[in-house]
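Trainee: The whole structure should be built from the sequences, with the hints applied where relevant.
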Amino acid sequence: MDKKVAIVGFRMKSAPDLVTTRERLTFELTRGLFDDLGIEREDVDTTIFCTNDFLDGRTISNCFLEGPAGCYMRDESKVEMDALNGLMYACMRILSGQYRTAMVVSLALTGYQVSPYLHIEYQLSPIYDRQMRLLNELSAAALQARSYLTRYGYSEELLDAVAVQALSNAAANPYQARRIPGVSKEKVASSSPYYEPLKELHCYPPTDGGCVLLLASAERAKELTDKPVWVLGMGQSIETFYLGERDLFRSPSTVKAAKRAYELAGIKDPKAEVDLAEVSALFAHQEPLLAEALGLLEEGAAESSYQSGDTAVSGKMPINPSGGALGGHPVSATGLIRAAEAVRQLRGEAGENQVGKAEVAVVHGQDGPCAQQNAVVVLGV
Amino acid sequence: MEETRQVQGTWDLSTFKFRIEGEGIKNMLKEMKEAKLLGNRCHKCGTVYLPANFYCRKCHIAIHEPAEISDHGEVMSYTIGYADVRGNPLDEPRVSLMVKLDGSDTWIMGAGEDMKPEDVHIGMRVKIKWADQRVGNLQDMESFIPE
Chain A
4 MDKKVAIVGF RMKSAPDLVT TRERLTFELT RGLFDDLGIE REDVDTTIFC
54 TNDFLDGRTI SNCFLEGPAG CYMRDESKVE MDALNGLMYA CMRILSGQYR
104 TAMVVSLALT GYQVSPYLHI EYQLSPIYDR QMRLLNELSA AALQARSYLT
154 RYGYSEELLD AVAVQALSNA AANPYQARRI PGVSKEKVAS SSPYYEPLKE
204 LHCYPPTDGG CVLLLASAER AKELTDKPVW VLGMGQSIET FYLGERDLFR
254 SPSTVKAAKR AYELAGIKDP KAEVDLAEVS ALFAHQEPLL AEALGLLEEG
304 AAESSYQSGD TAVSGKMPIN PSGGALGGHP VSATGLIRAA EAVRQLRGEA
354 GENQVGKAEV AVVHGQDGPC AQQNAVVVLG V
Chain B
177 MEETRQVQGT WDLSTFKFRI EGEGIKNMLK EMKEAKLLGN RCHKCGTVYL
227 PANFYCRKCH IAIHEPAEIS DHGEVMSYTI GYADVRGNPL DEPRVSLMVK
277 LDGSDTWIMG AGEDMKPEDV HIGMRVKIKW ADQRVGNLQD MESFIPE
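Read top to bottom, the protein sequences are chains A and B.
So in my numbering, spot 71 of the first sequence is number 74, and the numbers just go up one at a time.
So in my numbering, spot 38 of the second sequence is number 214, and the numbers just go up one at a time.
Since the hints were derived computationally from the structure, they do not count as laboratory data.
Values in this document were obtained by computation on a predicted structure and should not be read as measured data.
Glycine included, each C-beta is placed from N, C-alpha and C at the ideal position.
Among these hints, one or two may not hold up.
As the list claims (entries may be wrong) - Quick partial rundown of chain B residues pointing at chain A, CB under 7 Å, derived from the structure:
1. 183
2. 192
3. 195
4. 197
5. 200
6. 231
7. 233
8. 236
Mentor: Pasting the structure below:
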């Protein structure tokens, strides 16, 4: 995908509770993006929404957002999945030659909902798992965590190490929702037990937030920005929703998605060629699990990688220098936020969390119980 | 052999909390107590919204300018109901009107009163029949009656 489509701008916002409406958040983010780039809504050729109908309490929930996003009487579509899939869709629309610009809009207001982890319950099998009432998003993640730790002989301290690194990065990132100053291993280890081995600070926090991002063809990108970030490769794959048919300690769909993305990007050795990764890990164990599947960490060596600081901002393979989804997870928008965070890194605008060499980044998004569906995008400058 | 079974399930959304834009509807209801209508106008293209909207759909900018709207208007479309949505017959046919009030660019729904179903037509002039005791809710607008 040799420098054909670029990310030219973004806006994002997250908080535990924004006390706003979907319409107002959409308007603020898109209007802000247009002002950043000096464009108007007529300059956006197509808009892709990524929102979750269940969480929005409305079916076809994008139908309320055309006005606030500025696509009234214009070309519009929706992906009911993590917004990294929306970014790929937007890319394909530009590659079709029919559009010069494409905007991706994703948001979720879940911070004030009574039961933030409920949506995954309704993705479970209605005739068995739902009636057994044992599986939910947290218990499913706990089964995955236990399976992963046991398989590789990792201790539960790995979960604390991952969470401390992520939450420390998040604390220094003004875009994150959960910022805990001076977060420590003791604080993580003594947080409320949810489903063993997972504790509160191993899990994503209920989050309000959203992200908008504008993509453009190579020609149009040069008119809109001096700092284009190129989409070099992309891939996605899905496995079964039924946990009983999956080896939960690994993510073969991520392996496949990454293989496709690396091939398109011309990357042969991701450990050597990738400078940083933004991974949608909703629970602490998922970060090393997915980093292994993305070919960034040696399988079975995650505990030493985290202990030695290899995965830190200053390490040789920084994973989630933004703080990742443990700092905030507006359902659906998270993959797009990871892309925007990678853009900040590649433009050298990540402030305290800036990694040294940032030329190629891997971005990951997920959907479904225990990362059932995975999307991988390679970005570069 | 194929067998299809039906199982009972639940879809637990009965207590969903919606967050809505409150300002436009609040200002409109406040004025309705005085038998007046308040919307807002886009300072760029002049479009008038009732209830007020916080942005202009056409210009994609934030808007704040209040706009008073007449309680007289024109029927843009209508329907006569003979049964409710579940199919239960109604005692009397029910006239529902979509009305563009003078000064507004958007239409509002209301029941038609003092008019025979066969007399209702597009372009018909109507006015709001206000409740005698107004409390600042949507019921203050009882119906539309012929001008």
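Trainee: Take the shortest C-beta to C-beta distance between residue 236 of chain B and chain A; is it under 7 Å?
Mentor: Where the cut-off is 7 Å and the nearest Cβ of chain A is about 4 Å from residue 236 of chain B, the hint holds.
Trainee: Residue 200 of chain B was flagged as interface toward chain A. Is the shortest Cβ-Cβ separation under 7 Å?
Mentor: At 11 Å from the nearest chain A Cβ, residue 200 of chain B fails the 7 Å test, so the hint is violated.
Trainee: Given residue 183 of chain B was flagged as interface, is its beta-carbon under 7 Å from a beta-carbon of chain A?
Mentor: holds, 6 Å
Trainee: Using the nearest Cβ pair, does residue 192 of chain B come within less than 7 Å of chain A?
Mentor: It holds, given that the least Cβ distance between residue 192 of chain B and chain A is near 4 Å, below 7 Å.
Trainee: Could you check if residue 233 of chain B really has its C-beta closer than 7 Å to a C-beta on chain A?
Mentor: Since the shortest Cβ distance to chain A is 4 Å, the answer is holds.
Trainee: With a cut-off of 7 Å on the beta carbons, see whether residue 197 of chain B makes it to chain A.
Mentor: This interface hint holds because 5 Å falls under the 7 Å limit.
Trainee: Can you verify the interface hint for residue 195 of chain B: is its Cβ closer than 7 Å to any Cβ in chain A?
Mentor: Where the cut-off is 7 Å and the nearest Cβ of chain A is about 5 Å from residue 195 of chain B, the hint holds.
Trainee: Hint residue 231 of chain B vs chain A: min CB-CB distance below 7 Å?
Mentor: Hint holds; residue 231 of chain B Cβ to chain A Cβ min 5 Å, cut 7 Å.
Of the numbered hints stated above, the single one contradicted by the structure is hint 5.
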